[in-house]
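Q: Assemble chain B onto chain A, guided by the hints.
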Amino acid sequence: MKKNIPLAIVIIGGFIWVLWAFVPHKILSEDFINKFYLPWIYVQAPFGVILGVMSLVMMHTAKIQRKAPKWQYSFFTLGGLLITCIAGFGWGTQNGTPMLWMFTNMQMPMSSTMFALLAFYIASAAYKAFRARSPEATVLLIAALVVMLAQVPLGLKISRHLPDISQWILDVPNNAAKRGILLGIGLGSVATSLKILLGIERSYLGGGE
Amino acid sequence: MNFFERLQALDRRWIYIVVALAIIIPLMVPYNSDVVTTPPTENLYQLIDSYSDRPDRAILISFYHDAATMPELYPMEIAILRHCFERKIKVFTMTFIAAGAPIIDYAINTVKEEYPEIQSGVDYCNFGYKIMPMITALGMGDNIATAIDTDAEGRKLANLPIMQGIVNYNEMNLIIETSGSVAGGTWITYARSKFGANVAVGVTAVMAADEYPFLQSGQLIGMLTGLKGAAEYEKLVDVFAAYRDDYFPKGRPFSKEILRDKSINKLINITTQTQAVFSPQEYQSFLSKYPEQKAILDKIKTDQDGKVAFDVTKISAQAQKDLGDKVWNALNKKTYNILYKFKTARIGMNAQSIAHIMIFAFILIGNIGYFVTRAKDKKAAGR
Numbered sequence: 001m002k003k004n005i006p007l008a009i010v011i012i013g014g015f016i017w018v019l020w021a022f023v024p025h026k027i028l029s030e031d032f033i034n035k036f037y038l039p040w041i042y043v044q045a046p047f048g049v050i051l052g053v054m055s056l057v058m059m060h061t062a063k064i065q066r067k068a069p070k071w072q073y074s075f076f077t078l079g080g081l082l083i084t085c086i087a088g089f090g091w092g093t094q095n096g097t098p099m100l101w102m103f104t105n106m107q108m109p110m111s112s113t114m115f116a117l118l119a120f121y122i123a124s125a126a127y128k129a130f131r132a133r134s135p136e137a138t139v140l141l142i143a144a145l146v147v148m149l150a151q152v153p154l155g156l157k158i159s160r161h162l163p164d165i166s167q168w169i170l171d172v173p174n175n176a177a178k179r180g181i182l183l184g185i186g187l188g189s190v191a192t193s194l195k196i197l198l199g200i201e202r203s204y205l206g207g208g209e
Numbered sequence: 001m002n003f004f005e006r007l008q009a010l011d012r013r014w015i016y017i018v019v020a021l022a023i024i025i026p027l028m029v030p031y032n033s034d035v036v037t038t039p040p041t042e043n044l045y046q047l048i049d050s051y052s053d054r055p056d057r058a059i060l061i062s063f064y065h066d067a068a069t070m071p072e073l074y075p076m077e078i079a080i081l082r083h084c085f086e087r088k089i090k091v092f093t094m095t096f097i098a099a100g101a102p103i104i105d106y107a108i109n110t111v112k113e114e115y116p117e118i119q120s121g122v123d124y125c126n127f128g129y130k131i132m133p134m135i136t137a138l139g140m141g142d143n144i145a146t147a148i149d150t151d152a153e154g155r156k157l158a159n160l161p162i163m164q165g166i167v168n169y170n171e172m173n174l175i176i177e178t179s180g181s182v183a184g185g186t187w188i189t190y191a192r193s194k195f196g197a198n199v200a201v202g203v204t205a206v207m208a209a210d211e212y213p214f215l216q217s218g219q220l221i222g223m224l225t226g227l228k229g230a231a232e233y234e235k236l237v238d239v240f241a242a243y244r245d246d247y248f249p250k251g252r253p254f255s256k257e258i259l260r261d262k263s264i265n266k267l268i269n270i271t272t273q274t275q276a277v278f279s280p281q282e283y284q285s286f287l288s289k290y291p292e293q294k295a296i297l298d299k300i301k302t303d304q305d306g307k308v309a310f311d312v313t314k315i316s317a318q319a320q321k322d323l324g325d326k327v328w329n330a331l332n333k334k335t336y337n338i339l340y341k342f343k344t345a346r347i348g349m350n351a352q353s354i355a356h357i358m359i360f361a362f363i364l365i366g367n368i369g370y371f372v373t374r375a376k377d378k379k380a381a382g383r
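Just so you know, the sequences run in chain order A and B.
First residue of the first sequence? That's 1 in our numbering, and the numbers climb one at a time after it.
First residue of the second sequence? That's 1 in our numbering, and the numbers climb one at a time after it.
The reader is advised that the hints may include incorrect statements.
Calculated lysine-lysine pairs in the DSS-like style (CA-CA distance at most 30 Å, straight line) [said to hold, decoys possible]:
no., chain 1, residue 1, chain 2, residue 2
1, B, Lys307, B, Lys266
2, B, Lys326, B, Lys289
3, B, Lys266, B, Lys379
4, A, Lys195, B, Lys262
5, B, Lys289, B, Lys299
6, A, Lys157, B, Lys262
7, B, Lys112, B, Lys299
8, B, Lys194, A, Lys178
9, B, Lys156, A, Lys26
10, B, Lys321, B, Lys341
11, B, Lys266, B, Lys256
12, A, Lys157, B, Lys341
13, B, Lys341, B, Lys379
14, B, Lys156, A, Lys35
15, B, Lys301, B, Lys326
16, B, Lys88, B, Lys289
17, A, Lys26, B, Lys194
18, B, Lys333, B, Lys321
19, B, Lys194, A, Lys35
20, A, Lys128, B, Lys378
21, B, Lys112, A, Lys128
22, A, Lys128, B, Lys376
23, B, Lys194, B, Lys262
24, B, Lys194, B, Lys266
25, B, Lys266, A, Lys157
26, A, Lys157, B, Lys256
27, B, Lys321, B, Lys256
28, B, Lys266, B, Lys333
29, B, Lys112, B, Lys376
30, A, Lys35, A, Lys2
31, B, Lys299, B, Lys256
32, B, Lys301, B, Lys321
33, B, Lys88, B, Lys333
34, A, Lys178, A, Lys195
To be clear, the hints were calculated from the coordinates, so they are not data collected in a lab.
Chain A extracted, bound-state conformation (with noise of 0.2 Å):
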């Protein structure tokens, strides 16, 4: 019972969904979603805010009586979460609010810094790894350099034909082998989705079968 049940959830949910993809019917297209399916979705959600709160909380609490590595910046994270919590409420995220302030002046520069290191990573990377030790990694090195090249004003001054063999790169070798991943992607999520809609997969109901 405590497997049939789930199981037989799982199949006619699934199945219900792949109606709705392929048979343009009123009932499903239009009752099942509006009448139906997002009322519970739009009820779920919230929570899932209250789950992922409780989460964070009860980890970084036990982190800071448990003294674990690095507890003192479980403070932070708790105190981040109070003080939006309490700007957000208190007086919403328009224009002029705290929230929005903390926004620009905080979360925007700290998180462009993070993302920004990227550049600095990648010039070094580039210097002391980027070698044309095998043909492969040499077509790769080209392929980059003019593409790199391609991007930017500057290229178009070294050579106006850069950005059309770019184009080509992207177009041809890159889509070749981007298309690739795409259609193996696909044919997995097919062909799992068709074993957990038959009942052959059943490891998500848990049990180690």
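A: Using the frame of chain A, we list chain B on its own:
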């Protein structure tokens, strides 16, 4: 240790210093440079522009990113919003991640400062943070007002003036998703395949390669690629949407010929412009619009190679007051000076240019050092 061995063992902190300088200096000292627009950007621009002044058409911008990727994606959003406000195109905004909500407010407020006549709920509407992308995308295919229900300010969507003539994807026919990771997936799968909506994306440069299959297959009608895509869009807005003259009082339509014309160079300068220069005919036409200010204008004008010129930084406060806001704004418009917020991507592209050349040089030097050292090692082993 010889020179090439030293090159191989160069401390990475030297590399960091060079990269930092290569980025900081062009940002602090902007110079005029041109970006060549590409078809994916032009296609997106043209489709948005075709909705100009149409009450039965709207676009949706989905801000699917947080603050980390703002340097690349935010200028795109600003440029698209500016285009919509310049050309009176109805625009909706939303996000599926909570961290995206303040970015929407920030972007709208930044652009709106220059367009005081633009009103929330009339010209644009922010749906705010919504959950469950798939369900929302599907719901909007049936009825936007039902699927979204209330906007970010808590107003019932069905009661807003902007919704007049807008029901579902038949009217809100273009969705642009800006994202730092995979973009457009939800919209391609549900809004495009089931309802035929047009989808475009704005992505960080590192993610662009992932989107090319969708662009080539036509599932994406356009794409803005990293800072370059944003810079291209900024340029198109300056050259076409924000352009004003007697023939085109509301901006001019897109044209490849105009983009190739050298005369647009004065419209896309990113350095500060202070001179408003008129040909004698243009000046007469300008005076005919403001005959009451003729005496003041004649008094402050200067001659520049047979043309009439005004340096707006040298006009006194009293003269500005006498000219009045309307004439003063018209003079400033004639300088073709672009506000900083509308040229950030192009200034960033200057820094990116230098950084790319720098990385190119690093790779080259690194490889020279590698081959020389390898040849030396082989020679030593052969002895």
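Q: Take the hints in turn and mark each one as holding or not.
A: These are the hints, each one checked on the structure:
1. Only pairs whose Cα atoms come within 30 Å are accepted, and Lys307 (chain B) paired with Lys266 (chain B) is accepted, the gap being roughly 15 Å.
2. This hinted pair checks out: Lys326 (chain B) and Lys289 (chain B) have alpha carbons roughly 11 Å apart, not beyond 30 Å.
3. Straight-line distance between C-alpha atoms of Lys266 (chain B) and Lys379 (chain B) comes to about 59 Å, which puts the hinted pair past the 30 Å bound.
4. Taking the CA atoms of Lys195 (chain A) and Lys262 (chain B), the gap is near 62 Å; set against the 30 Å cutoff, the hint is violated.
5. Among the hinted pairs, Lys289 (chain B) with Lys299 (chain B) is consistent with the structure: their alpha-carbon atoms are about 17 Å apart, no more than 30 Å.
6. Between the alpha carbons of Lys157 (chain A) and Lys262 (chain B) the distance comes to roughly 16 Å, so the proposed pair stays at or under 30 Å and holds.
7. Proposed proximity of Lys112 (chain B) and Lys299 (chain B) is contradicted: the alpha carbons are some 35 Å apart, above 30 Å.
8. Distance hint between Lys194 (chain B) and Lys178 (chain A) is fulfilled; the C-alpha atoms sit about 24 Å from each other, no more than 30 Å.
9. Straight-line distance between C-alpha atoms of Lys156 (chain B) and Lys26 (chain A) comes to about 26 Å, which keeps the hinted pair within the 30 Å bound.
10. Pair hint Lys321 (chain B) plus Lys341 (chain B) holds up; C-alpha atoms about 26 Å apart against a cutoff of 30 Å.
11. Distance restraint check for Lys266 (chain B) and Lys256 (chain B): the Cα-Cα separation of roughly 17 Å lies within the 30 Å cut-off, and the hinted pair is therefore satisfied.
12. Restraint check for Lys157 (chain A) and Lys341 (chain B): satisfied, since their Cα atoms lie roughly 27 Å apart, inside the 30 Å limit.
13. The straight-line distance between the Cα atoms of Lys341 (chain B) and Lys379 (chain B) is roughly 58 Å, outside the 30 Å bound, and the hint therefore fails.
14. Taking the CA atoms of Lys156 (chain B) and Lys35 (chain A), the gap is near 19 Å; set against the 30 Å cutoff, the hint holds.
15. Annotation: proposed proximity of Lys301 (chain B) to Lys326 (chain B) holds, straight-line Cα distance about 17 Å (limit 30 Å).
16. The hinted pair formed by Lys88 (chain B) and Lys289 (chain B) meets the criterion: a straight-line CA distance of about 24 Å does not exceed 30 Å.
17. For the hint pairing Lys26 (chain A) with Lys194 (chain B), the CA-to-CA distance comes to about 14 Å; that is within 30 Å, so the pair holds.
18. Distance check on the hinted pair: Lys333 (chain B) and Lys321 (chain B) sit about 17 Å apart at the alpha-carbon level, within 30 Å; holds.
19. About 19 Å separates the Cα atoms of Lys194 (chain B) and Lys35 (chain A), which keeps this hinted pair within 30 Å; it holds.
20. Distance restraint check for Lys128 (chain A) and Lys378 (chain B): the Cα-Cα separation of roughly 21 Å lies within the 30 Å cut-off, and the hinted pair is therefore satisfied.
21. For the proposed pair Lys112 (chain B) and Lys128 (chain A), the alpha carbon gap of about 46 Å is over 30 Å, so the pair is violated.
22. As the CA atoms of Lys128 (chain A) and Lys376 (chain B) are separated by approximately 19 Å, the hinted pair is consistent with the 30 Å bound.
23. Straight-line distance between C-alpha atoms of Lys194 (chain B) and Lys262 (chain B) comes to about 44 Å, which puts the hinted pair past the 30 Å bound.
24. Annotation: proposed proximity of Lys194 (chain B) to Lys266 (chain B) is violated, straight-line Cα distance about 45 Å (limit 30 Å).
25. For the proposed pair Lys266 (chain B) and Lys157 (chain A), the alpha carbon gap of about 20 Å is at most 30 Å, so the pair holds.
26. In summary, the hint linking Lys157 (chain A) to Lys256 (chain B) is supported, as the alpha carbons are separated by about 21 Å, within the 30 Å threshold.
27. Restraint check for Lys321 (chain B) and Lys256 (chain B): not satisfied, since their Cα atoms lie roughly 41 Å apart, outside the 30 Å limit.
28. Taken as a hint, the Lys266 (chain B) and Lys333 (chain B) pair is honoured in the structure, with Cα atoms around 12 Å apart against an allowance of 30 Å.
29. Only pairs whose Cα atoms come within 30 Å are accepted, and Lys112 (chain B) paired with Lys376 (chain B) is rejected, the gap being roughly 64 Å.
30. With a CA separation close to 29 Å, the supplied pair Lys35 (chain A) and Lys2 (chain A) stays within the 30 Å bound.
31. Restraint check: the Cα-Cα separation between Lys299 (chain B) and Lys256 (chain B) comes to about 40 Å, which exceeds 30 Å; the hinted pair is violated.
32. For the suggested pair Lys301 (chain B) and Lys321 (chain B), the alpha carbons sit about 16 Å apart, so the restraint of at most 30 Å is met.
33. With a C-alpha separation of about 19 Å, the suggested pairing of Lys88 (chain B) with Lys333 (chain B) holds against the 30 Å cut-off.
34. Proposed proximity of Lys178 (chain A) and Lys195 (chain A) is supported: the alpha carbons are some 26 Å apart, at most 30 Å.
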